[in-house]
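Trainee: Chain by chain, the residues:
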Amino acid sequence: MEVQEEVKSSLLISDKHHPFVYLKIQLTFENGEEDVNELTPVQFKFLVMQAIKETLGEIGASTPVDILKLWDEGLAILRVPSIEAEKIWAALTLYSTTATQKKCAFRVLQASAFLLALSVNSRDLR
Amino acid sequence: MLFCYSFAIKVKKNIKMAASIKKSTFILEKITLDDTQKDLRRIQEQNFTQTLSLVLPGENVVPNFVLESLTNQFTYKLHMIPLFCLIEMPFVQAFVKKGAINLMSINRKLDTDDSVVITPNGVLLLSLTKDTFQQLGLEAVKQTPMQRKQDIYVVKINLLHKSFRPGKKGYNRTLWCLKDRLDLVMDCLVSWEPHDEKLCSSSVGVYFVDKCDKVERFDLKQTTHQYTSLQCPKVDSNHPTGSEIGCNFRDFFEWLGAIACNIPTNESVDPYISTWACPEPNTNIPRCCLFQATGMITAQAIVRLWKALRHHTAQTHNYPVCLTLHGFPDSIMKNKHEFNNFYIAGDNLYTFVLLPENCCWLYKASVSVMSQLPTIVVALHRPGLM
Amino acid sequence: MALPAYCDFNIKCQTPEKLFDLIEVATELGYESVIVNNNLQSLQGSKEKKKDQKIKITPPSEILLNEKSIASLQSKGKKIQQLSRITAVLQDDSNTHKLGNADLQMYDILAVQPTSSKTFQLACETLEVDIICLDLTETIGFVLKRQLLSLAASRGIHFEIQYGPALTNSTVKRQVISNALNLVAATCQKNILISSGAENPIDLRSPYDVINLGRLFGLNHSQAKDAVCKNCRAVLMHAKSRKTCKSVVLVKNISTLESKKRWLLKAYSDELSNSDEDSLKEGEEEDEPEAKKIKLASKDNK
Numbered sequence: 001m002e003v004q005e006e007v008k009s010s011l012l013i014s015d016k017h018h019p020f021v022y023l024k025i026q027l028t029f030e031n032g033e034e035d036v037n038e039l040t041p042v043q044f045k046f047l048v049m050q051a052i053k054e055t056l057g058e059i060g061a062s063t064p065v066d067i068l069k070l071w072d073e074g075l076a077i078l079r080v081p082s083i084e085a086e087k088i089w090a091a092l093t094l095y096s097t098t099a100t101q102k103k104c105a106f107r108v109l110q111a112s113a114f115l116l117a118l119s120v121n122s123r124d125l126r
Numbered sequence: 001m002l003f004c005y006s007f008a009i010k011v012k013k014n015i016k017m018a019a020s021i022k023k024s025t026f027i028l029e030k031i032t033l034d035d036t037q038k039d040l041r042r043i044q045e046q047n048f049t050q051t052l053s054l055v056l057p058g059e060n061v062v063p064n065f066v067l068e069s070l071t072n073q074f075t076y077k078l079h080m081i082p083l084f085c086l087i088e089m090p091f092v093q094a095f096v097k098k099g100a101i102n103l104m105s106i107n108r109k110l111d112t113d114d115s116v117v118i119t120p121n122g123v124l125l126l127s128l129t130k131d132t133f134q135q136l137g138l139e140a141v142k143q144t145p146m147q148r149k150q151d152i153y154v155v156k157i158n159l160l161h162k163s164f165r166p167g168k169k170g171y172n173r174t175l176w177c178l179k180d181r182l183d184l185v186m187d188c189l190v191s192w193e194p195h196d197e198k199l200c201s202s203s204v205g206v207y208f209v210d211k212c213d214k215v216e217r218f219d220l221k222q223t224t225h226q227y228t229s230l231q232c233p234k235v236d237s238n239h240p241t242g243s244e245i246g247c248n249f250r251d252f253f254e255w256l257g258a259i260a261c262n263i264p265t266n267e268s269v270d271p272y273i274s275t276w277a278c279p280e281p282n283t284n285i286p287r288c289c290l291f292q293a294t295g296m297i298t299a300q301a302i303v304r305l306w307k308a309l310r311h312h313t314a315q316t317h318n319y320p321v322c323l324t325l326h327g328f329p330d331s332i333m334k335n336k337h338e339f340n341n342f343y344i345a346g347d348n349l350y351t352f353v354l355l356p357e358n359c360c361w362l363y364k365a366s367v368s369v370m371s372q373l374p375t376i377v378v379a380l381h382r383p384g385l386m
Numbered sequence: 001m002a003l004p005a006y007c008d009f010n011i012k013c014q015t016p017e018k019l020f021d022l023i024e025v026a027t028e029l030g031y032e033s034v035i036v037n038n039n040l041q042s043l044q045g046s047k048e049k050k051k052d053q054k055i056k057i058t059p060p061s062e063i064l065l066n067e068k069s070i071a072s073l074q075s076k077g078k079k080i081q082q083l084s085r086i087t088a089v090l091q092d093d094s095n096t097h098k099l100g101n102a103d104l105q106m107y108d109i110l111a112v113q114p115t116s117s118k119t120f121q122l123a124c125e126t127l128e129v130d131i132i133c134l135d136l137t138e139t140i141g142f143v144l145k146r147q148l149l150s151l152a153a154s155r156g157i158h159f160e161i162q163y164g165p166a167l168t169n170s171t172v173k174r175q176v177i178s179n180a181l182n183l184v185a186a187t188c189q190k191n192i193l194i195s196s197g198a199e200n201p202i203d204l205r206s207p208y209d210v211i212n213l214g215r216l217f218g219l220n221h222s223q224a225k226d227a228v229c230k231n232c233r234a235v236l237m238h239a240k241s242r243k244t245c246k247s248v249v250l251v252k253n254i255s256t257l258e259s260k261k262r263w264l265l266k267a268y269s270d271e272l273s274n275s276d277e278d279s280l281k282e283g284e285e286e287d288e289p290e291a292k293k294i295k296l297a298s299k300d301n302k
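Heads up: the protein sequence lines correspond to chains A, B and C, in order. If you count by UniProt numbering, then the first sequence holds residues 1 to 126, one letter each, in order. If you count by UniProt numbering, then the second sequence holds residues 1 to 386, one letter each, in order. If you count by UniProt numbering, then the third sequence holds residues 1 to 302, one letter each, in order.
Treat the hints as calculated values from the structure; they're not laboratory data. Just so you know, not all the hints are guaranteed correct.
[Unchecked claim] The list that follows gives simulated cross-link-like pairs (lysine to aspartate or glutamate, EDC-like), each with its CA atoms no further than 20 Å apart:
(1) A:Lys102 - A:Glu58
(2) B:Lys179 - C:Glu258
(3) B:Lys98 - B:Glu197
(4) A:Lys102 - C:Glu199
(5) C:Lys230 - B:Asp151
(6) C:Lys118 - C:Asp92
(7) B:Lys142 - B:Glu267
(8) B:Lys156 - B:Glu197
(9) C:Lys79 - B:Glu197
(10) C:Lys230 - B:Glu338
(11) C:Lys173 - A:Glu58
(12) C:Lys266 - B:Asp180
(13) C:Lys18 - A:Glu58
(14) B:Lys130 - B:Asp180
(15) C:Lys261 - B:Glu338
(16) B:Lys169 - C:Asp270
(17) C:Lys79 - B:Asp187
(18) B:Lys97 - B:Glu197
(19) B:Lys179 - B:Asp131
(20) C:Lys190 - B:Asp151
(21) C:Lys79 - B:Glu338
(22) C:Lys173 - A:Glu54
Work out the full structure, taking the sequences as your base and the hints as a guide.
Mentor: Take a look at the structure:
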């Protein structure tokens, strides 16, 4: 392999293709109607999938979306394939009512192609 | 479609960056830690670091040298400092010319507000919106395409230039523009590394006391997280694209992100929720420590930390030790050479991974232009398709 | 002067308490200016009643928050600016002269909502307004002609897309997206504003969410960003130039000149050196940066 020949010298790899986009999102309910802290990951995933299905249909809902982490207050990190990232983001933005007719909103707080970047609240310095 | 997912790999014998690599947003560089001090030069490229995170596998607590190397420098927050104070001669003479000064405005969005930085090599940069730029009347440097799109102008003033002093035309005009034409006032962070060990770095705070509303000590916020029993991927320093004894460099970077975000690595998660798993091949490490410090961290402090870290790991070195520098998303410069820009994010990361055999991987990752990501490909001009 | 900060162009006017909540959430999300909208269903007074009965228009000071509550928002260290806007629905082309009424002109921004092909043409061609918004929740009953839209664009008029209704149900959502795509295609992606039209804080979305939504409406990356910041500034400039009538030079009395602009006097008198100094002292002076700006704005206008 080409790479092996270069073993001893310096090595530089550049990669323009990012397979995933990571979104840090927050789910809020109107007037705190529902306690977001009590949501289980399964329920959260269900809401996300519903949001995607509502705007993008069955094909959109077949996109693999991973919930990497769920914190309190409805904060979560999603991993989506970067090709679908904008569409899924838009679908989350346009979601407003749950199946039980409660008003809610997904707000994307941070989006990045690198998971490491989400560990820091980018504009949070006071 | 398959081709899309295979990585474009470019291997260069001697690092003479090709144009295409320069533009790229994700670069892995392998550095041999020898006398050339390339690693130190790379650290010094990164001027304004907001957060530093350190992953120390095999450690229970954060070693003392880490805290020591970060704490002996004072950072001050200057409330509402008028910008003309930054080009006044007493300031330039005392701080910019001697030692290394780091100053940048905070709580200002790069894409919609004006902002300022002073780099350690004595250059003052102003990033201005169109309105301010037109009213200010100072000359801007050539815009990058992204700045042209966003109507952002960057004014560059070299404070150390030999003809930049009172009495000269250029100096007088700059002072007049900043002082009399517009009252530009901003909140700034400043820290100063003295040239002489006898001096104290707190003198910069004292200097500004009567120049602005309020001067405040700005301390680092530190957090530590301990892991017990953690899956850690194995790394083969010579085969970053993956081999039987080491995982792919991109997977390793994702794993680092997972550690930093406290995502569990060895619990089995319902595949309905997440399909992410620790990259193969991996080992179990009994303990690991994650340390994060947030504030304005200067390159000088990081160099100190890096030297101590190398010294420390020379003795106990079984697992990769990782140091990540998160640049300020709203700083004008991404590193020494490139302008930053903010579209929906201004991520700018440098990650150093210390590996055995005096070897180090350096990741440079920055994404600020969303168009570098694949985009919506539905034919949107025909209504009714959605 | 107005920075090209993030701006929400349409927040429904309502009781002060609710409005306060709305604006508070908007600042938290990162907006730096909000525009409170008063919807006027018809320009026409009802005919059956007495002749002299005028349509009642609430003055803008009543729909905006008072200074005290704005100051309490600003004290949290965030910038926020509020402006007023009136949107008049154009039922027919007979009453458009009423747009010039002092009541309406008191508002910072003037918008119209044409309902038919005729009124749409009128709005694009002649009416002195800042924004044209169409009801995107139903089928637009007429063809959006490119020539008309580009004419309006060259006069500095912007077109508004409200995403608020798209949050209600799937039929409306489909209609809004389809109409928005249509509108964006017809305007060649120029002069588009995206606003919320929110009544409740939960209907607001952050500027970056809106930028991404703009991508769904067929704008490219920088156009989508312009739709929430740069274009908003252009509208404000347009509104300002509309009020000062068509002008390239602003004449001001010297005594009202701000101290920061005194240098203009000096520069001017240096130029004149010894000749006309007396006339200068009498007191009128070109205000250069201001004039430059109005010039720019009126370029949009004409």
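Trainee: With a cut-off of 20 Å on the C-alpha distance, tell me whether Lys130 (chain B) and Asp180 (chain B) pass.
Mentor: The hint holds at about 19 Å.
Trainee: Quick one, are Lys190 (chain C) and Asp151 (chain B) close enough, alpha carbons at most 20 Å?
Mentor: At roughly 16 Å apart (the allowed maximum being 20 Å), Asp151 (chain B) and Lys190 (chain C) satisfy the hint.
Trainee: If you draw a straight line from the CA of Lys79 (chain C) to the CA of Glu338 (chain B), is it 20 Å or shorter?
Mentor: Given that 20 Å is the threshold and the Cα spacing comes to 30 Å, the pair is violated.
Trainee: For the pair supplied as a hint, Lys173 (chain C) and Glu54 (chain A), confirm whether the alpha-carbon distance does not exceed 20 Å.
Mentor: Judged against 20 Å, a Cα distance of about 10 Å means the pair holds.
Trainee: Quickly compare the C-alpha distance for Lys230 (chain C) and Asp151 (chain B) to 20 Å and report which way the hint goes.
Mentor: holds (9 Å)
Trainee: Does Lys156 (chain B) pair with Glu197 (chain B) here, judged by a C-alpha cut-off of 20 Å?
Mentor: violated (31 Å)
Trainee: Is the Cα-Cα distance between Lys79 (chain C) and Asp187 (chain B) 20 Å or less?
Mentor: With Cα atoms ~14 Å apart, Lys79 (chain C) and Asp187 (chain B) stay inside 20 Å; holds.
Trainee: For the pair supplied as a hint, Lys173 (chain C) and Glu58 (chain A), is the alpha-carbon distance within the 20 Å limit?
Mentor: OK: Lys173 (chain C) and Glu58 (chain A) at ~17 Å, within 20 Å.
Trainee: Quickly compare the C-alpha distance for Lys79 (chain C) and Glu197 (chain B) to 20 Å and report which way the hint goes.
Mentor: Roughly 42 Å separates the two Cα atoms, so the pair is violated.
Trainee: Sort out whether Asp131 (chain B) lies within 20 Å of Lys179 (chain B), counting only the CA atoms.
Mentor: Answer holds: Lys179 (chain B) to Asp131 (chain B) is near 17 Å, not above 20 Å.
Trainee: Taking 20 Å as the top limit, are the C-alpha atoms of Lys230 (chain C) and Glu338 (chain B) close enough?
Mentor: violated (25 Å)
Trainee: Lys142 (chain B) and Glu267 (chain B) were given as a pair; does the straight-line alpha-carbon distance stay at or below 20 Å?
Mentor: Cα-Cα ~52 Å, so violated.
Comparing the model with each earlier hint shows violations of hints 1, 7, 8, 9, 10, 13, 15 and 21; every other hint is respected.
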